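Which chain is which? The protein sequence lines are A and H, in order. 44 is the number that the numbering used here gives to position 44 of the first sequence; each next residue is one higher, with no gaps. 24 is the number that the numbering used here gives to position 24 of the second sequence; each next residue is one higher, with no gaps.
These aren't lab readings, by the way, just hints derived from the structure by calculation. Note that the structure is predicted; figures quoted are calculated from it, not measured. Any given hint could be a false lead.
Unchecked claim - Pulled a few chain H residues facing chain A out of the computed Cβ check, cut under 8 Å: (1) Pro25; (2) Ala39; (3) Arg371.
Stated by the list, open to error - Stretch-level coverage of chain H by chain A, calculated; a stretch enters the list once three of its residues show a Cβ under 8 Å from a Cβ in chain A: (4) 26 to 38; (5) 405 to 414.
The beta carbon of each residue, even a glycine, is placed where N, CA and C say it ideally should be.
So the chains spell out like this:
There are 2 protein chains.
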Amino acid sequence: MTPEEFRVCAHALVDWIADHRARIPDLPVQATTKPGEVAAGLAPHAPETPEPFGAVLADLERVVVPGITQTQHPAFFGWFPSNASLASVLGDFASSGLGALGITWQSAPALTEVEEVVTEWLRELTGLSPAWKGAIHDTASTACLVALLAARERATDFGQTRGGLQAEPAPLVVYTSPHAHSSVAKAALLAGFGRDNLRLVDVDPTTYAMRPDALAAAMAADVAAGRRPAAVVAAVGTTGTTAVDPVGALVEVAAAHRAWVHVDAAMAGSALLLPECRHLVDGVEGADSLSWNPHKWMGTILDCSLLYVRDVQHLVRVMSTDPAYLRSAVDGEVTQYRDWGIPLGRRFRALKLWFHLRLDGVEAIRARLRRDLANAAWLADQVTAEPGWRVLAPVTVQTVCLRHEPAGTVSDDGTVLDGEALDVHTLAWAEAVNTSGLAFVTPSVLDGRWLVRVSIGATATERSDVAALWDLLRAEAARHGG
Amino acid sequence: MTPEEFRVCAHALVDWIADHRARIPDLPVQATTKPGEVAAGLAPHAPETPEPFGAVLADLERVVVPGITQTQHPAFFGWFPSNASLASVLGDFASSGLGALGITWQSAPALTEVEEVVTEWLRELTGLSPAWKGAIHDTASTACLVALLAARERATDFGQTRGGLQAEPAPLVVYTSPHAHSSVAKAALLAGFGRDNLRLVDVDPTTYAMRPDALAAAMAADVAAGRRPAAVVAAVGTTGTTAVDPVGALVEVAAAHRAWVHVDAAMAGSALLLPECRHLVDGVEGADSLSWNPHKWMGTILDCSLLYVRDVQHLVRVMSTDPAYLRSAVDGEVTQYRDWGIPLGRRFRALKLWFHLRLDGVEAIRARLRRDLANAAWLADQVTAEPGWRVLAPVTVQTVCLRHEPAGTVSDDGTVLDGEALDVHTLAWAEAVNTSGLAFVTPSVLDGRWLVRVSIGATATERSDVAALWDLLRAEAARHGG
């Protein structure tokens, strides 16, 4: 395809995208396709000869759009916000259009240095001290794995340069909350620690935050048994309830064992843009690494996860590669991001952060986050005031965990009387909400019982959308035997 | 930014990109900025209020473009081709515009199913049997790590569910070629095997391909010493010389020890689109995993690396996560790509493959690859016929390793007489080529001495560009004391 052919197709595609974005409020929020339906709508073999662009665009409309849960919809309250701001989309376009290759500073100095600048902008905007240096990764899952690998190599004094983890004399142990994201356990297992050496530390029964005394006890027990505490992953904003582990207190406990502390703030990290929310990570300057995802609430299109570390030299030593064909005269003077993470090559992802922050401005982003916090507080107030409804966890940021509890299922003091009936009811009305296409929420399990998470923060979501959701929840709960 | 504001900006950006792509032949190939120069050209803090799109676009032109080595340039012969075909760029635009979230089948059935379909298209196009299933990863580095984690868990019978690698009684060993990509050693270290348990197996001194007898001997020695062979990484197209390890013979040796065989065909995988090149992976049906990068020679824009495995159930067991908030009624019926790799969330990368194959057609892609093979053979012939020049390794695909050897530095039979003078000369003329801006090549080390890799295969590169390069190489070598 020549640049002139591209120009024609791309203009058509831009119009399609702008039209699509404008009509999203009129689309069903939840994807409407059945398993296999999208695949059945596609050709079984790749075409030998070019197809016209119109045919591809038509398939995008016919097959792809119905097969997407519209996370940009004003009534999307599922999982966590996954905002793809149009300002950041322009940055993504620029990245694709340039077609730059990020494998070494020399291959694209701008790719490296824009990333250095924007991660520095965001360090400052989130109130971290200049001791931190950041880089862009695809997701917080990967960032957590990188952090645990760095932790492992610190604990073994670079055992990877000798016999690896399999040569270690005493088992290394990783600690996290049972409410931490599933990617934490996955990262610990992939890093080789083994499930036997992963401790899920007790949480407070009301806040669901990790208890520092329980962490201290778990570490002491491991040490007494000849094991070595290597890492603590603190969740700031758990996936279930956005519970906030007390970073400062955990850092103090970990320090006694020289254990690495990684703060997983994948969702709540966006809140650090607001000075009034920085208490969420009180004590973070004592931690070793912190990750959060601008691709969630802040709204820089996926994939854009930031991992900040305090000891870059350590990270680079764990991750470095130095083959001859990547050497250049400027080595030592420049940043080589290939040595900050797992993949050698990287896209020019910094552009989407750069475009997003410049075209929207930080003030507007902050105002939007504050709007969402107020909306969550408003919804929690409505739920609390409504007979038969309950908020089940502290609303620390913008997610409200709620449940409709029909008569006889739960006592006034919150004791579950008929858990099975309650679960059936919760899943039934949540499913009805989602299949209505009018809104999308995520059921989840807390203390062994289903509840519904309402995660507020899609860019387009205004108070009126939250109010409409609240009407819909009550209507569906009532229709399903409330 | 509203859809209408986006429409205006995106049209302007499309025109900028089309114009940029059209003028690339007139730009210097190598980035012209000095370390720190790009960063110095950017604002030190994020703006509080929105900037006009024109200001951002102007910075893209002023700061970013000079800071990019133009891998789309017809005279780009560096590293490996990193083609960003405009057809695939359109697919990337569609992905960004849709803003879909790939964390579970339900979040975007189309994202999952288009990926299933296009990986199946490419399986068929590359001649793999239906026993293989593929998924898209960011890079071959990540794919190799995933493969080695799968290998580790097969060798330990899922030790991660118990004490992890640190509980294993006898060390597991990984085997690869000293010419394998640096990411293989990195992956082995990150997976916890340790450098002591990474064997760099002898290669043939002429082809630089791994010797099966040397692999067998290394494995036997490890077994005799109480260690256990766990994985072999075979390189099909090494980075230095595109040497091709003999997959079939290595598979046979590995089978005796039930060692996992991963085939890293990051670069040469594109050649499998040509039936006449499938001999490069003879015996691959006996391997366990294969990765290659459409984002290299084939030209689907970075990042797009494919990892095919034969035992998906095993991979899923190694990588799976199953938290409550990701459960849905269709679990078991659908593919959950989050359980096929490291990150939980994924972009809609399948679209760029889908657009690329449909808009360009396979026939045209094959014709381009054949053009490049012929150009490489032509250049190798010119070099071989030219006194004072030598081709240093077999041209297995599209990369020519060459050297100018001034009188007195190398004897007629290839013995290096004055290696230091030779290295100084090679690096000097290669640097002169690159700083000229007229072409870009990559110096690399083979048998302890520098040479120059000419990796042919940028989409725009025609025979005339290769001929012009050959003139330039001779002129610069002569100017630098040849």
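Now for the hints, and whether the structure bears them out:
1. The criterion of a C-beta within 8 Å of any C-beta in chain A is not met by Pro25(H), whose closest approach is roughly 11 Å, and the hint is violated.
2. Hint status for Ala39(H) relative to chain A: holds, with the closest Cβ pair at about 4 Å, below 8 Å.
3. Given hint, Arg371(H) at the interface with chain A, is violated; its Cβ is 16 Å from that chain's nearest Cβ, farther than 8 Å.
4. Counting residues of the stretch 26 to 38 of chain H whose beta carbon lies closer than 8 Å to any beta carbon of chain A gives 7, which meets the minimum of three for the stated coverage.
5. With a threshold of 8 Å between beta carbons, the proposed coverage of the stretch 405 to 414 of chain H by chain A is violated, since 0 of its residues qualify and at least three are required.
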